[in-house]
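In order, the protein sequences belong to chains B and R.
Following the numbering used here, the numbering of the first sequence begins with 1 at its first residue and continues without gaps.
Following the numbering used here, the numbering of the second sequence begins with 231 at its first residue and continues without gaps.
Read the hints as simulated data drawn from the structure, not as lab findings.
Please read all numbers here as calculations on a predicted model, not as lab measurements.
Incorrect hints may appear among the rest.
To be verified - Here are some, though not all, of the chain B residues that point toward chain R, as calculated from beta-carbon distances under 10 angstroms:
id : residue
1  : Leu65
2  : Ala67
3  : Arg97
4  : Thr99
5  : Leu102
6  : Ala103
7  : Leu106
8  : His108
9  : Asp131
10 : Ala139
11 : Thr148
12 : Ser192
13 : Asp194
To be verified - Here are a few chain B residues that sit away from chain R, every Cβ distance over 12 angstroms (derived from the structure):
id : residue
14 : Glu24
15 : Ala28
16 : Ala52
17 : Gly107
18 : Asp116
19 : Leu146
20 : Ala196
Ideal Cβ positions, reconstructed from N, Cα and C, are used throughout, including at glycine.
Protein chains: 2
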Amino acid sequence: MTRPAVVLFSGGLDSSTCLAIAREEGFAPHALAVRYGQRHAHELRAAERVAAAAGVPLKVVELDLRAIGGSALTGELPVPKDAPPGQGIPVTYVPARNTVLLALALGHAEVLGAQDLYIGVNAIDYSGYPDCRPEFVRAFESLATLATRAGIEGVRYTVHTPLMSLDKAGIIRLGRSLGVDYSITHSCYDPSPDGAACGRCDACQLRARGFREAGVPDPTRYAPGGMPVR
Amino acid sequence: MTRPAVVLFSGGLDSSTCLAIAREEGFAPHALAVRYGQRHAHELRAAERVAAAAGVPLKVVELDLRAIGGSALTGELPVPKDAPPGQGIPVTYVPARNTVLLALALGHAEVLGAQDLYIGVNAIDYSGYPDCRPEFVRAFESLATLATRAGIEGVRYTVHTPLMSLDKAGIIRLGRSLGVDYSITHSCYDPSPDGAACGRCDACQLRARGFREAGVPDPTRYAPGGMPVR
Numbered sequence: 001m002t003r004p005a006v007v008l009f010s011g012g013l014d015s016s017t018c019l020a021i022a023r024e025e026g027f028a029p030h031a032l033a034v035r036y037g038q039r040h041a042h043e044l045r046a047a048e049r050v051a052a053a054a055g056v057p058l059k060v061v062e063l064d065l066r067a068i069g070g071s072a073l074t075g076e077l078p079v080p081k082d083a084p085p086g087q088g089i090p091v092t093y094v095p096a097r098n099t100v101l102l103a104l105a106l107g108h109a110e111v112l113g114a115q116d117l118y119i120g121v122n123a124i125d126y127s128g129y130p131d132c133r134p135e136f137v138r139a140f141e142s143l144a145t146l147a148t149r150a151g152i153e154g155v156r157y158t159v160h161t162p163l164m165s166l167d168k169a170g171i172i173r174l175g176r177s178l179g180v181d182y183s184i185t186h187s188c189y190d191p192s193p194d195g196a197a198c199g200r201c202d203a204c205q206l207r208a209r210g211f212r213e214a215g216v217p218d219p220t221r222y223a224p225g226g227m228p229v230r
Numbered sequence: 231m232t233r234p235a236v237v238l239f240s241g242g243l244d245s246s247t248c249l250a251i252a253r254e255e256g257f258a259p260h261a262l263a264v265r266y267g268q269r270h271a272h273e274l275r276a277a278e279r280v281a282a283a284a285g286v287p288l289k290v291v292e293l294d295l296r297a298i299g300g301s302a303l304t305g306e307l308p309v310p311k312d313a314p315p316g317q318g319i320p321v322t323y324v325p326a327r328n329t330v331l332l333a334l335a336l337g338h339a340e341v342l343g344a345q346d347l348y349i350g351v352n353a354i355d356y357s358g359y360p361d362c363r364p365e366f367v368r369a370f371e372s373l374a375t376l377a378t379r380a381g382i383e384g385v386r387y388t389v390h391t392p393l394m395s396l397d398k399a400g401i402i403r404l405g406r407s408l409g410v411d412y413s414i415t416h417s418c419y420d421p422s423p424d425g426a427a428c429g430r431c432d433a434c435q436l437r438a439r440g441f442r443e444a445g446v447p448d449p450t451r452y453a454p455g456g457m458p459v460r
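Make a model of the complete structure from these sequences and hints.
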């Protein structure tokens, strides 16, 4: 029987690629999306589309982080536009986000009997988030063993980060070789009401540059005037 | 200025005692309650009562763990009654629960500028939960530094577990010395619709035994016939 793996999944470019990699690496992926009170509910519709296209089960956990706040992605601060990338930790940082997401994935893994988690973090174009670094991921693996009934019983968890050392263009090339359809994925932090990408937030800029650098046509549907030009 | 501390808080006996200890230890406590899709919504009403009585701010994070499941406390399995305590890990274990709760507390701490977290875990009457052990708590402290912007900037987090080596009677004696009013706290996993305690689940049994062993009248309001007798 194919071993299950939990893939943290947003319907974005990175996690959709992760899902395809988990399957390529021989796992039966179980997608876990977390609605954390973020503005971009369109992400979740993309998650449903991508999971359905891949024929993978999707669980959605509702988590309202607005009580904690502290991030542009949970509603208090404006999403920055046209910012040059790579200037420190941006306001789209969600405090302790990946710790929360991996903890939920760990709970799901324990229930499924899975020992493998996938998260699409990336140390190259990672926008400066502390909880995307390899040392954070290794510390979480150690914690997972101590945190669970399965760990007491001898299970050792592995947190797979297959995108860690790829740049966006490399992710796109890899995903295309695995058949990922990026036209149904969603990355924008601040889409228009019909789900079109703004083209100006950090996520749009990184994504658009990735397609340019990969030499691949950008399938993203942008809002009028939103097509990134840099 | 008094330093803030985040106290994970349910309105139960243990976390209400923790709140009083955090204040006694010189912190300005900020209570954080997480509604994790558990059956006992009465817990939250108790949390509001206890926080109001203590004059402490309370934040409530909504987290629907039912998508993950795997526990009697999230609705799939019946809460066991009249079970002898201490027989392995019970079905009220919520997979990765304290990892999720501490991750949320860490996010709240980072937003508040707090470096101190309190959690009312207990290695003696802990009902066999893996994520109540000291080694789990130390691993979480290590993770917290790596997980946050504050950690990168030099903050070191401390997870305080002042109840770790106390039994329930010891917790009750300490809490009473600090003025905790246990009549407004709630511990039962399966209360009646009006909030009265069942007297028969693990939590009721441990609590009632604590009052007996402390030689203190039990102020809990039990459902008819629910007063534990063992």
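Restraint satisfaction for Ala139 of chain B [CB to CB of chain R, less than 10 angstroms]: 4 angstroms, holds
For the restraint on Ser192 of chain B, tell me whether the closest CB of chain R is nearer than 10 angstroms. 27 angstroms, violated
Please verify that the nearest CB of chain R lies beyond 12 angstroms from Leu146 of chain B's CB. 4 angstroms, violated
Status of the hint placing Asp194 of chain B at chain R (closest C-beta pair under 10 angstroms): 28 angstroms, violated
Could you check if His108 of chain B really has its C-beta closer than 10 angstroms to a C-beta on chain R? His108 of chain B check passes; min Cβ-Cβ to chain R is 5 angstroms, inside 10 angstroms.
Was the hint right that Ala67 of chain B lines chain R, CB cutoff 10 angstroms? 5 angstroms, holds
Any CB of chain R closer than 10 angstroms to the CB of Asp131 of chain B? With a minimum Cβ separation of about 5 angstroms from chain R (threshold 10 angstroms), the hint on Asp131 of chain B holds.
Do the numbers back the hint for Leu106 of chain B, that is, is its least Cβ distance to chain R under 10 angstroms? 4 angstroms, holds
Closer than 10 angstroms between Cβ atoms is the bar; does Thr99 of chain B clear it against chain R? Give me holds or violated. 4 angstroms, holds
Assertion that Asp116 of chain B lies farther than 12 angstroms from chain R (Cβ): At about 15 angstroms from chain R, Asp116 of chain B clears the 12 angstroms cut-off, so the statement holds.
Interface hint outcome for Ala103 of chain B [beta carbon to chain R under 10 angstroms]: Holds: closest Cβ of chain R sits about 4 angstroms from Ala103 of chain B, inside 10 angstroms.
May I ask you to test the interface hint for Leu65 of chain B with respect to chain R, counting a Cβ-Cβ separation under 10 angstroms as satisfied? It holds, given that the least Cβ distance between Leu65 of chain B and chain R is near 7 angstroms, below 10 angstroms.
Comparing the model with each earlier hint shows violations of hints 12, 13, 17 and 19; every other hint is respected.
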